[in-house]
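Chains A and B supply the protein sequences, listed in that same order. The first sequence: position 46 = 46 (the working numbering), numbered continuously. The second sequence: position 88 = 88 (the working numbering), numbered continuously.
No lab work stands behind these hints, which were simulated from the structure alone. Hints are not guaranteed to be accurate.
One copy or any two copies: either way a pair holds, since identical chains are not told apart in the list.
[Unchecked claim] Within a straight-line C-alpha distance of at most 20 Å, the following computed EDC-like cross-link-like pairs (lysine to aspartate or glutamate) qualify:
1) Lys142 with Glu52
2) Lys321 with Glu10
3) Lys142 with Asp326
4) Lys34 with Glu52
5) Lys34 with Glu335
6) Lys142 with Asp107
7) Lys321 with Asp81
8) Lys142 with Asp83
Read off the chains here:
Protein chains: 2
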Amino acid sequence: MGLILLRYGELALKGKNRVAFLRQLRRNIRACLKENGLTGEVTSAGQRVYVETEQVEEALEPLSRVFGLASLSPVVEVERDIDAIVREAVRQAETAGVRPGVSFRVDARRADKTFPHISPEINRLAGGAIHEALHGDVDLSKAADVTIGVDVRAERAMIYRNVLRGPGGLPLGTEGRVVALISGGIDSPVAAWMMMKRGCAVIPLHFSQDEEDTAKALDNIEFLSHYSYGWRLRPTVLSHAEAVAPTLQRLYDLGEERWACIFCKRTLLQRAAALCEELGAHGIVMGDALGQVASQTLPNMEVISYGITKPILRPLIGMDKAEIVDLAQRIGTFETSTRSEHSCRFLPARPLTRGTVERMLEISRRLDEMEGQGT
Amino acid sequence: MGLILLRYGELALKGKNRVAFLRQLRRNIRACLKENGLTGEVTSAGQRVYVETEQVEEALEPLSRVFGLASLSPVVEVERDIDAIVREAVRQAETAGVRPGVSFRVDARRADKTFPHISPEINRLAGGAIHEALHGDVDLSKAADVTIGVDVRAERAMIYRNVLRGPGGLPLGTEGRVVALISGGIDSPVAAWMMMKRGCAVIPLHFSQDEEDTAKALDNIEFLSHYSYGWRLRPTVLSHAEAVAPTLQRLYDLGEERWACIFCKRTLLQRAAALCEELGAHGIVMGDALGQVASQTLPNMEVISYGITKPILRPLIGMDKAEIVDLAQRIGTFETSTRSEHSCRFLPARPLTRGTVERMLEISRRLDEMEGQGT
Chain A
1 MGLILLRYGE LALKGKNRVA FLRQLRRNIR ACLKENGLTG EVTSAGQRVY VETEQVEEAL
61 EPLSRVFGLA SLSPVVEVER DIDAIVREAV RQAETAGVRP GVSFRVDARR ADKTFPHISP
121 EINRLAGGAI HEALHGDVDL SKAADVTIGV DVRAERAMIY RNVLRGPGGL PLGTEGRVVA
181 LISGGIDSPV AAWMMMKRGC AVIPLHFSQD EEDTAKALDN IEFLSHYSYG WRLRPTVLSH
241 AEAVAPTLQR LYDLGEERWA CIFCKRTLLQ RAAALCEELG AHGIVMGDAL GQVASQTLPN
301 MEVISYGITK PILRPLIGMD KAEIVDLAQR IGTFETSTRS EHSCRFLPAR PLTRGTVERM
361 LEISRRLDEM EGQGT
Chain B
1 MGLILLRYGE LALKGKNRVA FLRQLRRNIR ACLKENGLTG EVTSAGQRVY VETEQVEEAL
61 EPLSRVFGLA SLSPVVEVER DIDAIVREAV RQAETAGVRP GVSFRVDARR ADKTFPHISP
121 EINRLAGGAI HEALHGDVDL SKAADVTIGV DVRAERAMIY RNVLRGPGGL PLGTEGRVVA
181 LISGGIDSPV AAWMMMKRGC AVIPLHFSQD EEDTAKALDN IEFLSHYSYG WRLRPTVLSH
241 AEAVAPTLQR LYDLGEERWA CIFCKRTLLQ RAAALCEELG AHGIVMGDAL GQVASQTLPN
301 MEVISYGITK PILRPLIGMD KAEIVDLAQR IGTFETSTRS EHSCRFLPAR PLTRGTVERM
361 LEISRRLDEM EGQGT
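Chain A with its partners taken away, still in its complex shape (with noise of 0.2 Å):
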């Protein structure tokens, strides 16, 4: 039976909201397993939890996509006994490649301090063993290339290395759902995926356009699904034209044409709050940017958001491009979101990129005009 150490980060701050986040992590670990078809026994202990399980291997890549993990290890338990330890720490520096050259150092901890060794004696004896066996170069800094770890608890010594780094964040579900406007492109995924990290469980909500663009959206979905243990990612895809067209074709009968993509996202906007009431979601999560395309300014975004009644979360409104790329190629969207090139049917020529509130006011009410007349 193997055992993986895993830490949590932000969460060990949360004071007495700690018990829920942590029940809620653990859940989510468990989940994860499962729906990756391994078996595994979750428990904590302390600042850490573990997952015990003969599936060490396969079970790390997928633990390293749960949400509110710091680090993993897996780990190695051998008896309490000084000798014990030493040879599994020697045995762990030489598959980790300790050799001259290559610099490492030994952190132990005595959780239990019974144990006749401090722990600055472990670390020599354990250190001076390895330099022995595999004559790497000591270094005490958190700088060395390698290190081994060593914890010495009450029934068992654990012995680590290969601290592998989690996503960070909050257990999924512990701050309440969002719905997130999901399309093939490269920015809604990566939004989506930022409130994921900060604990929120997404809804994700698409308009469909044509089928290529869709099955883009639809993979985006299936990414992501991969950081959403805990909470299944069911999306809802209503029809784009369904949705705008009737607007859209009285905006060109009144030869405001420009505003079409203003008006489009408000309708979409209005949509998503209406699905967030239904669903009990308090906040809409956009790929808005700033400055990326013409029509992404602040003007617009004013006009776009008006009278909204959800929050409106734009997580990538502070990030470059190059940081949302970044991210996409990390949680594997980027390649869906680039295959192919979407052009939505509906564009003007010259998209609007300073609408003002009383203008748009204004328009909507003539296109309630033409609505109450039926046209």
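Put chain B on the given structure of chain A with help from the hints.
Quick look at chain B alone, frame taken from chain A:
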């Protein structure tokens, strides 16, 4: 006379806006030089901007804070002569510490195609000379410890090393104005900085609760001003008590003090929206994060922002606390923000964590009635 080569990133993509963006970037670079007591000529050619100055060393650090710049290199100009180029390349490699065990590469370009040596030949000649003189290890990949750049232009050749990273983003001022709520805390200055990075001109708004907290907020704004070249940060300071005390007093009278934080923040946002109207800004920047304090929940965010007419920009909403702290340290605001703990005198014993819009509107009506009765 010395020369600095400045590369810009994202704005290269901007199509027909590129000219205006580049003009703003040059203007901001000039403001940076001036505000740091430096003199220099700013010119651009192709995809690059140059600063010609007697004060290369002094100018590098301030220029590395101009948004829109991807990287900076001090440059030495030599004759368009292969021997002069090779000599200077060896000299710079020596200064950069190339020696046995330190890898290097030469990265030559030939803008002037009449120069008799093609780029790979310049790389080979200069690289060979560096290896012979300093015995450094040739590494043709970008992972080399030291890269010596060579640019052969029509009149002179440029040799450079030491690529400093710029802050990225878009030239400040190109994306319009926003009002940013700034406190003495960690988050709000980072949020403002991120929107500055995306090209926004920030109007800082601080609600003063006590002298010490206001001193911290003004210090934070002072740090931000070292990034706000081309736009002077002029803080608006309003009395927090004057803005919120009457409302909060009535809330306590109603026995609804658990709503204090929500009504306080609503009042501040309404003031911020009014300031936007007055000063032509199109959004309100807040340091909101999720789950960091008990009242920072999605349901509360919904209630707080309900009916606020300007878009609320929350660039930190998808970030971990550790990421926010890293940025605060980089900007310089972290120490200010943590030098004392600020506690609000209106803070109720158990602030609400899940308000609803209906309840908020109901309480609002009762507060309005009390105000009408002059209580």
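Hints, one by one, checked against the model:
| no. | hint | verdict |
| --- | --- | --- |
| 1 | Lys142 with Glu52 | neither (28 Å within a copy, 42 Å between copies) |
| 2 | Lys321 with Glu10 | between (27 Å within a copy, 7 Å between copies) |
| 3 | Lys142 with Asp326 | between (27 Å within a copy, 18 Å between copies) |
| 4 | Lys34 with Glu52 | within (14 Å within a copy, 62 Å between copies) |
| 5 | Lys34 with Glu335 | neither (27 Å within a copy, 45 Å between copies) |
| 6 | Lys142 with Asp107 | within (10 Å within a copy, 34 Å between copies) |
| 7 | Lys321 with Asp81 | neither (54 Å within a copy, 40 Å between copies) |
| 8 | Lys142 with Asp83 | neither (25 Å within a copy, 45 Å between copies) |
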